[in-house]
Amino acid sequence: MIYKRMPIEIESPEEMGYGNIQFNLAESSVKDININELEANLNGLVLNYGDHRGDQKLRKLICENSEKIQIENVLVCQAAAMALFIVNTSLLTVADHLIVIRPNYATNIETPKAINCEISYVDLLFENGFQPNIAQIESKIQPNTKLISITTPHNPTGIVLNSTFINELINLAKAKNIYLLFDETYRELNFQSELKPYFAEKSSQVISICSLSKAYGLPGIRIGWIITQDKTLYYKFLAAKEQIIICNSVVDEYLAYSALKLRDKLLSKHHLTLKTNFSITKKWIENHTYLEWIEPEVGAVCFVKFKENLKINIDGFYTKLFEEFGTIVGPGHWFEETDKYFRLGFGYPLEFELTNGLKAIDACIQLNSKDLQ
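As numbered in this note's numbering, residues 1 to 373 make up the sequence shown, in order.
A hint or two may mislead.
Below, computed lysine to aspartate or glutamate pairings styled on EDC-like, alpha-carbon distance capped at 16 Å [as the list claims (entries may be wrong)]:
hint	residue 1	residue 2
1	Lys-370	Asp-315
2	Lys-283	Glu-295
3	Lys-261	Glu-37
4	Lys-146	Glu-201
5	Lys-261	Asp-55
6	Lys-196	Glu-39
7	Lys-305	Glu-337
8	Lys-269	Glu-37
9	Lys-275	Glu-295
10	Lys-140	Glu-118
11	Lys-370	Glu-308
12	Lys-261	Glu-39
The set of hints was computed from the structure by calculation and includes no laboratory data. Predicted, not measured: the structure shown is a model, and the values here were computed from it.
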């Protein structure tokens with residue numbers, strides 16, 4: 001495999017230095033929380049090799065609200081990033097074909113590229129509300145298609161793919177004997193709707209991936225998981241994990257267990273922030289002359305688009321936004337999209353940070369636009 005650094009990582013806030021950023025609107029999660037909020041006591045924790053599949057108490061909490069998923073269907077990994085890596089490298093070879101929805105989180109595209117498998121993209125279009133249709137997927141299927149990669153709730157748009165499409169897709173995958181990967185990292189940031197079951201509950205063809213990073217504000221403990229009802233797949237993924245890391249950090253797993261015990265408390269807090277910040281963002285963009293969006297349904301991000309009537313120096317906009325206004329967003333090229341789009345994270349900043357960051361965007365458009373007086 002040949003690895004290349006991804007722009008989303010090269011230009012990430014942590015690489016640019018948090019101290020250099022005044023208003024961080026590039027993050028795709030809620031605010032990072034303090035360890036004290038987990039009410040965890042590490043005294044007495046034995047620092048041994050942990051269960052290769054993940055701590056049993058942790059796996060039980062991960063699937064406690066599921067009617068079909070049991071702990072033997074859950075494989076705990078070092079974050080969703082590792083989970084995605086394991087699935088892609090376990091299933092795909094240079095002889096296989098992948099279908100992936102785009103725009104998408106970079107890892108869902110770059111890891112298959114490193115494998116050098118054949119990739120077909122299904123591009124979600126602004127004019128279609130970023131909703132795909134089953135004909136788009138079916139037209140891409142080849143005899144060697146092994147995997148279809150879907151993200152819902154979607155990153156970077158915040159859109160939820162409609163249930164009719166999902167059910168049709170699962171039926172198609174069954175008929176064609178193709179695996180479905182559902183990146184469900186944002187499923188618990190459903191601040192406007194009820195929590196839906198993991199898609200892996202619907203079929204053994206479906207693989208679900210999730211983590212604690214986005215919804216719980218815990219990217220620092222690196223805990224995510226794979227869910228599959230297929231026992232053969234499960235052991236294939238377990239073998240990959242054992243060769244990469246053997247087991248997770250028992251400290252990380254204990255902190256993850258502590259967080260999930262406080263699930264309702266933590267999510268209630270984060271959902272309240274999301275509702276407030278979403279309302280601010282919605283009011284800002286609905287009254288905007290030069291920006292538009294497809295309104296997100298869940299999550300902590302939206303994908304903002306410069307309107308066609310605006311002639312702007314795109315490169316200059318992003319450069320000056322950071323250098324002169326101390327503000328960052330996620331430009332479209334992070335997701336293999338044109339930079340006429342940018343991901344705006346409304347879940348991470350405090351209310352005053354979001355408000356001032358939005359003002360900075362407006363001021364920077366004024367500076368870089370050829371149309372404005």
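Hints versus structure:
Distance hint between Lys-370 and Asp-315 is fulfilled; the C-alpha atoms sit about 13 Å from each other, no more than 16 Å. Taken as a hint, the Lys-283 and Glu-295 pair is honoured in the structure, with Cα atoms around 11 Å apart against an allowance of 16 Å. Between Lys-261 and Glu-37, the direct Cα distance comes to roughly 12 Å. Compliance with the 16 Å bound is thereby established for this hinted pair. Straight-line distance between C-alpha atoms of Lys-146 and Glu-201 comes to about 20 Å, which puts the hinted pair past the 16 Å bound.
The hinted pair formed by Lys-261 and Asp-55 meets the criterion: a straight-line CA distance of about 14 Å does not exceed 16 Å. Between the alpha carbons of Lys-196 and Glu-39 the distance comes to roughly 28 Å, so the proposed pair goes past 16 Å and is violated. A hinted pair counts as satisfied when its Cα atoms are at most 16 Å apart, and Lys-305 with Glu-337 qualifies at roughly 11 Å. Proposed proximity of Lys-269 and Glu-37 is supported: the alpha carbons are some 11 Å apart, at most 16 Å.
Between Lys-275 and Glu-295 the CA atoms are separated by roughly 13 Å; this keeps the pair inside 16 Å, and the hint holds. Between the alpha carbons of Lys-140 and Glu-118 the distance comes to roughly 11 Å, so the proposed pair stays at or under 16 Å and holds. For the given pair, Lys-370 sits about 13 Å from Glu-308 by alpha-carbon distance, which is consistent with the 16 Å threshold. Proposed proximity of Lys-261 and Glu-39 is supported: the alpha carbons are some 10 Å apart, at most 16 Å.
Comparing the model with each numbered hint stated earlier shows that hints 4 and 6 do not hold.
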